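As they're listed, the protein sequences go chains A and B.
First residue of the first sequence? That's 1 in our numbering, and the numbers climb one at a time after it.
First residue of the second sequence? That's 718 in our numbering, and the numbers climb one at a time after it.
You may find that some hints are simply not true.
Stated by the list, open to error - Some but not every residue of chain A turned toward chain B, in silico, with C-beta under 8 Å:
1) 200
2) 396
3) 543
4) 653
5) 667
Claimed, not checked - DMTMM-like mimics (lysine to aspartate or glutamate), calculated; alpha carbons at most 20 Å apart, straight line:
6) A/694 - B/1239
7) B/1252 - A/695
8) B/1243 - A/695
9) A/542 - B/1271
10) B/1313 - B/1271
Derived by calculation from the structure, the hints in this document are not laboratory data.
Since the structure is predicted, the reported quantities are computational estimates derived from the model, not experimental observations.
Backbone N, C-alpha and C define an ideal beta-carbon position, used for all residues, glycine too.
Number of protein chains: 2
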Amino acid sequence: MVRWARSAYSKKSDGSSVESLDYEVIENYAYKEEQAQRGKLYVGYYVVVKWFFALLIGIGTGLAAVFINISVENFAGWKFSLTFSIIQKSYKQQGSGIPEIKGYLNGIDTHGILLFRTLVGKIFGSIGSVGGGLALGKEGPLVHIGACIASLLGQGGSAKYHLSSRWLQVFKSDRDRRDLVTCGCAAGVAAAFRAPVGGVLFALEEVTSWWRSQLMWRVFFTSAIVAVVVRTAMGWCKSGKCGHFGSGGFIIWDISGAQEDYSFEELLPMAIIGVIGGLLGALFNQLTLYITHWRRNYLHKRGNRVKIIEACLVSLITSVISFGLPLLRKCSPCPESELNSGIECPRPPGMYGNYVNFYCGKDKEYNDLATIFFNTQDDAIRNLFSAKTIHEYSAQSLLTFLVMFYSLAVVTFGTAVPAGQFVPGIMIGSTYGRLVGMFVVRFYKKLNIEEGTYALLGAASFLGGSMRMTVSLCVIMVEITNNLKLLPLIMLVLLISKAVGDAFNEGLYEEQAHLRGIPLLESRPKYQMRKMTAKETCGNQKVVYFPRVVKVADLISILRSNNHNGFPVIDHMKSGETIVIGLMLRSRVLVLLRSKVDFQHSPLPCDGSLPIRHNFSEFVKPVSSKGISINDIHLSPDDLEMYIDLAPFVNSSPYIVPEDMSLTKVYNLFRQLGLRHIFVVPRASRVIGMISRKDLLIEENEDSSTVELQSTNSSAM
Amino acid sequence: MVRWARSAYSKKSDGSSVESLDYEVIENYAYKEEQAQRGKLYVGYYVVVKWFFALLIGIGTGLAAVFINISVENFAGWKFSLTFSIIQKSYKQQGSGIPEIKGYLNGIDTHGILLFRTLVGKIFGSIGSVGGGLALGKEGPLVHIGACIASLLGQGGSAKYHLSSRWLQVFKSDRDRRDLVTCGCAAGVAAAFRAPVGGVLFALEEVTSWWRSQLMWRVFFTSAIVAVVVRTAMGWCKSGKCGHFGSGGFIIWDISGAQEDYSFEELLPMAIIGVIGGLLGALFNQLTLYITHWRRNYLHKRGNRVKIIEACLVSLITSVISFGLPLLRKCSPCPESELNSGIECPRPPGMYGNYVNFYCGKDKEYNDLATIFFNTQDDAIRNLFSAKTIHEYSAQSLLTFLVMFYSLAVVTFGTAVPAGQFVPGIMIGSTYGRLVGMFVVRFYKKLNIEEGTYALLGAASFLGGSMRMTVSLCVIMVEITNNLKLLPLIMLVLLISKAVGDAFNEGLYEEQAHLRGIPLLESRPKYQMRKMTAKETCGNQKVVYFPRVVKVADLISILRSNNHNGFPVIDHMKSGETIVIGLMLRSRVLVLLRSKVDFQHSPLPCDGSLPIRHNFSEFVKPVSSKGISINDIHLSPDDLEMYIDLAPFVNSSPYIVPEDMSLTKVYNLFRQLGLRHIFVVPRASRVIGMISRKDLLIEENEDSSTVELQSTNSSAM
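Chain A with its partners taken away, still in its complex shape (with noise of 0.2 Å):
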């Protein structure tokens, strides 16, 4: 517990002072804490932490993901018996929770998403889920799962539950713990598909908000690891004591054996299916944003019992329609087997695969609806997308499941169970993509058009419709079906299906966390601002001051006047003019507040040469907790009388910007920097230096004068 030697405003010239409570204080702190103690070693040990985290982070979502695959596969008797009562202790609002982890990375902390027991419930909620048959995925969940064994990392455990650890208590900036964060994103994702270049792209591409391309490695490794974790998993169940888990290989729906040449003409079908999976996309987020919307409103207002039941009534109609539908269905006679194709029909009794026997009269029928419903989602994708089972199913089975699917995931999707919306996207698209490529073989009669390929594409489709990501989703699609030929086929499909899907709303988690109130930033400003200013943008709001020694008193009274969560702190220079020393937050004031020891009894500044009696994790708020209020502080008429000198605590150097610069500027600055606050300032009357490109380049060229260069006009000058 080190302490750092208090240095007052006044004397911060050399920069390496404390500034503030941010990151970047930890970092200068770390640095006098190297010199002054442990030498480069310090500094070393931090990154080969940050290192060890990974690696912790990558082991432990790919074992998640291996119980819930395990569980899932074993135990799905178990359903929701077990599970409600977990779940209900844990963090409330279930879901897919990708909305509320996109917020934590672009910067909005809610309530409870990445506690211990929200880790427990998800674990134990998706098995319920996932293994009750209810239509939803568990990928979801796991990018969830692997973000709270990350926060939980970063923070040192759980304290609630005891399992906190000084020693693993390193990271003490948000920053490194949002970091980690990312990392976790990455890993549930590879843990999820088995795709873990798809995770790293999806953690950059639809999860977080601010990038480096150190972290970008990091990522990476944490990647590998869980690939690695989840392969040596399945080779160690081979043997058969994991029941199913494992005998997909570790890619999930393999089907490099599909379709490897396509013509031109069927650009026309595949365009349609990517128009299609925009609609259907765009379709399913508004009927889940209207249907959330009302649930919140009024069904959830009555309390957990209700939750309960819901869920329950959702799980039983799954069931009954998985199970009543495919009776109502007449069994079809079995295709002339080939020989050399290896799918048997009917399937053998205890086997998974195509062509389900289900209650057929004759030994040489199979029922093409229990084909997809009465199987579990993975069986039925691989059935959806397998190649060389042509006229397997009828065009009136894959409408009928369809219709009732998309029905379902639709009522499914905001139940308070773990949901993912991967896998039920891909059921949904491959079932319309593979009428369209039913179609396709009746029109164009070509022998060598497969429906799977068709199902793939669609799928792809309907997930870029209802997501909108481009890149990542296509690399899972690759990684997960192991089809590298129809690569660029996906891309076009996807393109068209998410430029379909853009015209009508946002992105499905987009949606969701607008309507959970998490208030996104998105990337591109919006239009209107290019006409606004910084100072039009703050209106007549009033500016709220502290003092740099402020009396205990006013301080509360000036907390509880306003609900400002970052206060300027300015100081009388001896000419009488003001000047602005810094930024203070709320949560620090309270912390100073609650812990009473810097209360001084005279209104002078302290002299700096006092050590501050603050250790920093003090001021660190943790994870997914309210932190402090203001009711919390209980002070005396004593207390309420002494002084404080904020000067030591101030971030003493927050971004600014000129009053009349345009909001889109002020925009990009704050979204690209990932801040909280800006403070806008007034023209400057002068300049005291400027700082180009060659500034910022410490080591010397030697040769830089070899060659003529001229500076790019960069974006924002």
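Since chain A is already given, all that's left is putting chain B on it; use the hints.
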């Protein structure tokens, strides 16, 4: 040719006025246009053109790749005779071009890199050098070709060759041009390796310093177009119209039939491959650095003739070695052929494949050194990667090849021919990979180990050790070999080799960029920046101001007295105080001085009602040109006595930082936003307002009160 209204600085509170001529002005300008003349249509047109250009880049780069491939396969005889005359007229320093493109996207315009004649030189140069059998690849030049096509489109053609079109001149800001060049880079990689996703990631990871998610989508689109173009051309070529091109199919080195499984014991030799890759890669970077240095300082100073002689000499040595060495090697007897493997020994004459009979005495013999050496690079790699050919190569041959080819690659890199480093890197890596594989086969005595798999890992490790890419390289390796199952192994090998290489030096492109004096800003600020403040960085360097209304003679003398590129402009308020009204660029001043239309007789500010007499495009410097110099300006004595009001031309809100901000923060600001100049200003005396996240969310969220939110303490507060 639209002109926009002059509005003086003092009237600019609406924020949409003429700030400067950087990209935001363009957008404001477009916005004004939209209101004034064409409505929303113009904005739509702008977006459509962006996409259309992305399409053109894709098609252009794809066709260039096809043209080069066909030419290399068929006209290898041309070699240097024709091509050198073209190279001489094009951009002088050839080589890979990637360091320069990297520099351009990082914000530095090297003279001559993106011209029409560079494009032509690159195309014919790479045909000559690759077709001539030098130890280099065509992928570096293809990246450069993609970037050239993009840049030429962006500035509306080449003025010099009268290929320019008014219609194409839509993009007037450097930001849009830079985005196009990013698309071009991705297109180049996608075309070279037929690896569209790899192209996107290459652009993301290696080339661009600055990334937005909108851009990602467009880059993705360009890559998809390239894939479709290349694939279509290959389909058209299948009938044998284009020689050998296209025979490999869309995946260049398909090894999908290789080793499917691996055991734990194999991880050790694989890790060894990673370490070797790191060591050899770092050594390669270091050797090429020394040689390039020597070449620049001694050899190339003697003129172009020396360059050509050098290239011919290298070519001659390469030919002698690749023909001569196999002659010295004894032939081996063919292995007992397995009927199902489909590999004939020796290969039939006129075909491509394994087991080359090269002056062998007997019929059933082959020369293993000739199989690698006396072959096109593509085929040599295919042979090295090939499975089911255990014991094809002797350790002696592989070692000979490794040493010779490594030396040739080092020597060839940096000659005056367009060179890519990917293919040679794959050659080198797969050779030692296969060597290790041979020992593994011998040591573990397991039959399911394929030497080809180790060759692939070796290739990945050498590229990782030399170029230090991770994600994009990984995806490229998977895309060119079509073997997803090896992905986790490739990832681990890459991580090891990158880590080992990083211990010695920087990546190949960074080292070369340093050597050529391209001042790249790395993604991570230097460690010592933590101790420095913005003010210290500026040092005692005096700030040179322009007054708002300035005498032309003074302007000239200020410009002559220093070589700064940006100048603060100050004005005097009625109270006598000075105020900084913005930033003026040297290039813009020079344009004003040359055109003379804004000269005025009175030293008083103009009243802001006159229209500006400049077309916007006058201020845009063409890419790769030197721009105007102060020596190009010729003014009469009368002109020198005139005045000019700079206010309408300044960037009125450049980014500012307070004097005591730590340099780490400044660096992040500079790099993340791609800036050229930052003003260091004194601490503010007051704060006009605070901007926080909620001020930037212009849309209302009706439900935002229902969830408890707390901001995460973001990176830089």
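Evaluation of the provided hints:
A hinted interface residue such as residue 200 of chain A counts as satisfied when its beta carbon comes closer than 8 Å to some beta carbon of chain B; here the least separation is about 6 Å, so the hint holds. A distance limit of 8 Å between C-beta atoms decides the matter here; for residue 396 of chain A the minimum to chain B is near 35 Å, and the interface restraint is violated. Hint status for residue 543 of chain A: holds, given a least beta-carbon distance of 5 Å to chain B, under 8 Å. Using the Cβ-Cβ criterion of 8 Å, the hint placing residue 653 of chain A at the interface with chain B is satisfied: the shortest such distance is roughly 4 Å.
The beta carbon of residue 667 of chain A is positioned within 8 Å of a beta carbon in chain B (closest approach about 6 Å), and the interface hint is therefore held. Under the criterion of a C-alpha separation no larger than 20 Å, the hint pairing residue 694 of chain A with residue 1239 of chain B is consistent with the structure, at around 13 Å. This hinted pair checks out: residue 1252 of chain B and residue 695 of chain A have alpha carbons roughly 11 Å apart, not beyond 20 Å. Distance check on the hinted pair: residue 1243 of chain B and residue 695 of chain A sit about 12 Å apart at the alpha-carbon level, within 20 Å; holds.
For a cut-off of 20 Å, the pair hint linking residue 542 of chain A to residue 1271 of chain B is broken: about 44 Å separates their Cα positions. Proximity of residue 1313 of chain B to residue 1271 of chain B is assessed by CA-CA distance (about 15 Å); at most 20 Å being required, the pair is judged to hold.
Comparing the model with each numbered hint stated earlier shows that hints 2 and 9 do not hold.
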